[in-house]
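Chains as they are written, first to last, in this note's numbering: chain G, 1 to 248; chain B, 1 to 491.
Bear in mind the hints are in silico, worked out from the structure with no lab data behind them.
The beta carbon of each residue, even a glycine, is placed where N, CA and C say it ideally should be.
Errors might be hidden in some of the hints.
As the list claims (entries may be wrong) - Output of the computed footprint for chain B on chain G, the stretches with three or more beta carbons under 8 angstroms from beta carbons of chain B: (1) 67-75; (2) 110-119; (3) 202-208; (4) 229-243.
What the hints assert, rightly or not - List of simulated lysine-lysine pairs, BS3-like, C-alpha gap at most 30 angstroms: (5) G:K101 to B:K382; (6) G:K120 to B:K482; (7) G:K183 to G:K60; (8) B:K53 to B:K382; (9) B:K382 to G:K183; (10) B:K382 to B:K45; (11) G:K120 to G:K60; (12) G:K120 to G:K158; (13) B:K53 to G:K60; (14) G:K120 to G:K101; (15) G:K183 to B:K445; (16) G:K101 to G:K60; (17) G:K183 to B:K203; (18) B:K45 to B:K33; (19) B:K33 to G:K183.
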Amino acid sequence: MRASLFITCYNDTLFPETGRAVVRLLERLGVTLDFHPQQTCCGQMHANTGFRAEAFSQAKRFVRLYRDTETVVIPSTSCVAMIRDQYPGLFEELGNEESRKDLLALLPRVLELSEFLIDKLGMDDVGAYFPHRVTYHASCHGLRGLHVGDRPFRLLSKVRGLELVALDNLDRCCGFGGTFSIKNAEVSSAMLSAKLRDMLSTGAEFCTALDNSCLMHLGGALHRQFAAMRTVHMAEILACTESAELPA
Amino acid sequence: MSAEHHSVVLDPRIAPPFPAAALPILRNSQLRKNVAHATDVIQAKRARLVAEKTDWQELRSAAAAIKNETLAHLDHYLAEFEANCTAAGGHVHWAADAAEARQIILQILRAENATEVIKIKTMTSAEIELNPALEAAGIHAVETDLAELILQLGDDQPSHIVAPALHVNRSQVREIFARRMGRTDLSDDPEALTAAARSYLRKKFLSVDAAISGANFLVAETGAVTIVESEGNGRMCLTLPRTLIALAGIEKVIPRFRDLEVFLQVLARSATGERMNPYSSLWTGVTPGDGPQNFHVVLLDNGRSPILARPVERQTLRCIRCAACQNTCPVYRQTGGHAYGSVYGGPIGAILTPQLMRMEHAQSLPYASSLCAACYEVCPVKINIPEVLIDLRAQVIDQERSKTDRAFDLMYVAMRVANGIFASAARFRLAQRLGRIALWPFTRKDGWIHALPSLGARWTMTRDLRGIPRESFRAWWAARPKVESRSGEKS
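This is chain B alone, in the form it adopts within the complex (with noise of 0.2 angstroms):
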């Protein structure tokens, strides 16, 4: 794997456009074939499970509509829950962006003296470039959650929100075990990977003091916190550790304990194809002598509130990390998460990660899509991705308009010319001609062109290109023998 593998950038401020990011991708016939392997079979599972719920329109609409709700009144529901964890033995932090979260989670690991840290399902972390920071810090992060484990051991980067090392398969986890743990014995029998990793993971469990969690949901209505997964490392981190600081962004809130029945039926079987994640955790503040003793939770805004102020984009903050927008994306399918640049790749990250830069950087997301919309078939929140990725189009455009160069920009003037050229059937048809003669030259005997020059061999690089016929349909149909009735009953 280390021979092939390729260097991913998952910073959107340095990472290069998605079409250039997917380059090498493409060409790792590995990497894809476990992609498409990967999300081959949890769409299946997915698929089946959901079509045992005969209410699964009315869960999603229930689960759209719950945060709906909460997103109309964050401020009110963020503050319940910081009263309710709060009288629960909870300390809430507020960190505006991720430096200021990275200093908290800094600050208290310090006052704790931690060396290290063991981590569990929290994206959000890897958002904020937390890792590095804290091994600045001298403090050393132990990815507990499988899939991370094998990529921070095998120097890679997560490329899927649910199943981080999607990417990787099992003869190359073994690869990176026998060299990191030095397991030379090991066979890439699945059984034999978990079994070694849970030797590994458990020496860190009993001896690290200090863990950080993400959170699924945060209840405002009692102040609990919540995280689902498959592996029961998650328990072991939220139990053991005597501090523990769960980081989570600020849409993360829900209002009611009995919103998690809707949330925790959408969850499972949209990310795993489960009826019931295998382990669900929550928990409350403090219980004296149970449980980590000093619990802290950093709510994290870092770009999310300015999306609500705009009502389209608003429902990029309905998403509950399902990823069955990446299983189903054709886009993520040939690429994998890598070429997105981001932590959070697929058709949500390609909304979401432009947002989040207040779109500075990562302008080419919202085009890396073909607009097919199986995103926003499947998601359990139904979030509309085609639509919130035109309205981020619209905003790339009029960032382009306001630049000097713009008119060296071929696709731009092309798309303006051909404004005007609609504006009137007499230009329309003219263009129709002159286009003919334009691409005279570039068409066959046969009538079909197979090169093209400049943006035009974008196309031909891979697809003939039939040349414009002589006649238009409109030229056609002017020319015809007028009849006053041309219905069918011709005599």
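Chain G extracted, bound-state conformation (with noise of 0.2 angstroms):
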């Protein structure tokens, strides 16, 4: 099995530990990884600020880049769901004809990470350990965009050593929503806030999802707290074995 990984910009820049983590797990699964070293940003941020033509001109780039890729998996659920489901508006507004056909059989190809594993590798089981309490986050755009479903319960529920506790109000916003949290920051805090009260009464000892933008806004208010959790990306708990646990 050969894959392409998009990384996102801002993992790449900011958390690259995920990066690795993802790379480390495909690869002990037998999966040959590229990395196309032009790749930047899917244009997510743009588009959903309103920047329609300057989000494209990223949009079009991604197209050209994976045209004639077998499969891209992609660690972000969000940016998953800027392709899936902002890319067919962006192109038919201002794309062509055959940026249309190129976008329409690249789609199919594009995979997040959950998904890749379950459905494109057919497991659940990936051989993980990770003997800690840990309480899943559930990423709007997983949720709602993506419908990735039970995929993350299934792959966590196969970890060993994982004691999974149930987070209330899983379907409730996190307040991250990108430029939200800097234009609307006073609301966005309020909302962070009552997910952090949910969180924190889990009593575990890490929260994941399968985006790190979410993480990154529940990470910062955790560390800022000085609370007893921590943030990881799913793939950096299912990274890890018995001999190679999550570095401090």
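Fit chain to chain and form the complex, with the hints in mind.
Quick look at the structure:
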């Protein structure tokens, strides 16, 4: 199995350990990974803020880079949702016939990490070991955009040693919302504090998700409060084994 | 309540932008508690009632399809409604904007020599700011919906589409009634409060000769008007006065009588978590010797037809005002409706208000959402609110592009610069390095940032930020020893 890793701009810059974990995990499972050195950003931030022309130029770039790729795997639910839900509209409005054909051919081959593991590799037990109490945060884009459904729970339930604690109000947004967290910082913070209350009441040591953008928000607040909980992308949990535990 | 009462402006032309309007509300713990409690209760009821319909998704699709068909031929169905309503003895008026609608209603009431008018279930009248115009003309409007009455007596504004006084709790209601009705003996028992309102309103129902209602649906096929309610006060307004005026947005028309089968099901379950509304009133024109003998329908455009012309935004007009989007919205949950600066708050308000204002005011509203899409999931007519929000944001940015002072808008400039960076991997690598250097003075030894200046302070006001690590993922990848096949079977 061969796949090309689109790491996303913010994972590349701010969360390289997530990328390294994806590589460790997928190579352990026998996947040959490529990394296109010309990749940058999917255009989500621009699209969601109203910069359509700019978002389209990044979308075009993505399709051009991956047009001939067998499978693209992306460890971010919101970037996959951007590509799947917003690219068609952008190409419809701003693209030409040929670019639309390329996009439609590529879309089914773009997969989020949990989709790749369960649907493409057909695995829910990836041989991971993580002896900790963990709660799972459902990113809105994973939940309502990609409909990842029970995939994250199937993956986590097969991790040896892991105790999964359910999070109340699982379907409620953490308040990040990209530039929303800046433009509406106060309301965003109010949403965040409600989410933190639910998270901390689980007594879990880790909060995990399939998207580092929510985790940057939640983790930043946990750090500010010296809370006894930290955030970790699910790829990093799944990459852990008895002989390779989570780096401190 | 009056002590901590914040001034509420529900006029998009003068209301403060959403983030500023939200601030005092975020500090009002009583209001936030009331809103969270009320939305929790309605949401739970809705979820239970929706779950018992095995064909819920089909009902949503049907409701959306009927509305789409109507909007595609709106001129036809409105003309059909006008013809059938007129044939049944009603008078149909067309109002291009709020001023014209106010004028029409005033003329009708003046012809009746009305000094008082009772009102029921009409948010649209708040949209056109009817009450102040009536008062100026010497006509006192009495709100008869219990929640609207509470707001009118409390000198407050609606904050929710279905339960306009949702931000007020019963002890606050007791205080308002005690003060305004002179009923110092009242307890905060809901039954006692309802009884007080009833005796206050009964006198009005029996003595006032003109009423103004809204409309949930206008049936083109028969000329019938429908309102649904929970209290029965609407029934009084619709049957007792001599003159009845129904004010309705043009998007309220549906083609056929049988379409109500779909809409009454999705509306009741979505709005109040009930199988059916306690009172569903339908009336057609005038019946001699029974009910109002003088019946008018005012069809209001007020910015609606330009929305029809935009393919993405058009779905906004499918809205049946159930408020399910408000109840589920995590933003609305924190702020309630007043922060949206319009009678239409919550996710639907965030898309409807800027459009009704022809994108001239309320530009902060399309950004008053984290795009979590909870609203889309519950919408009974499947309005893809996040999609419309994003499209409206694009319209706001397009306005921005033509402004000469855009070079001073930090966010605008940052987004333009970021686009240039993302256009090339080499530039992106350079930006990663420069970003790390720029953040270095703010980054503590533990690798975390606790305080940033300028826009960054909006983040660090409540959250730390991980500093940019020394080695990006791409740098790590490039430095890996090159192996021809890195499949798992490492030897």
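Right, here's what the structure says about each hint:
Coverage of the segment 67-75 of chain G by chain B is violated [criterion: at least 3 residues with CB-CB distance below 8 angstroms; count 0]. Check result for the segment 110-119 of chain G against chain B: violated, 0 residues qualifying (beta carbon to beta carbon below 8 angstroms, three or more required). For the segment 202-208 of chain G, the stated coverage by chain B is violated: 0 residues have a C-beta nearer than 8 angstroms to a C-beta of that chain, whereas at least 3 were required. Taking a C-beta to C-beta cut-off of 8 angstroms, the segment 229-243 of chain G contributes 0 residues in contact with chain B, too few for the three needed, and the coverage statement is violated.
A C-alpha spacing of about 28 angstroms is found between G:K101 and B:K382, which places the hinted pair at or below 30 angstroms, so the restraint holds. Taking the CA atoms of G:K120 and B:K482, the gap is about 26 angstroms. The hint holds against a cut of 30 angstroms. A threshold of 30 angstroms between alpha carbons decides the hint, and for G:K183 with G:K60 the separation of about 28 angstroms falls inside it, so the pair holds. A hinted pair counts as satisfied when its Cα atoms are at most 30 angstroms apart, and B:K53 with B:K382 qualifies at roughly 17 angstroms.
A threshold of 30 angstroms between alpha carbons decides the hint, and for B:K382 with G:K183 the separation of about 27 angstroms falls inside it, so the pair holds. Restraint check for B:K382 and B:K45: satisfied, since their Cα atoms lie roughly 20 angstroms apart, inside the 30 angstroms limit. Taken as a hint, the G:K120 and G:K60 pair is honoured in the structure, with Cα atoms around 25 angstroms apart against an allowance of 30 angstroms. For the suggested pair G:K120 and G:K158, the alpha carbons sit about 17 angstroms apart, so the restraint of at most 30 angstroms is met.
About 43 angstroms separates the Cα atoms of B:K53 and G:K60, which puts this hinted pair outside 30 angstroms; it is violated. As the CA atoms of G:K120 and G:K101 are separated by approximately 23 angstroms, the hinted pair is consistent with the 30 angstroms bound. Between G:K183 and B:K445 the CA atoms are separated by roughly 29 angstroms; this keeps the pair inside 30 angstroms, and the hint holds. Note on G:K101 and G:K60: the hinted pairing holds, with a Cα-Cα distance of about 12 angstroms set against a maximum of 30 angstroms.
In summary, the hint linking G:K183 to B:K203 is not supported, as the alpha carbons are separated by about 50 angstroms, beyond the 30 angstroms threshold. Restraint check: the Cα-Cα separation between B:K45 and B:K33 comes to about 19 angstroms, which is no more than 30 angstroms; the hinted pair holds. For the hint pairing B:K33 with G:K183, the CA-to-CA distance comes to about 24 angstroms; that is within 30 angstroms, so the pair holds.
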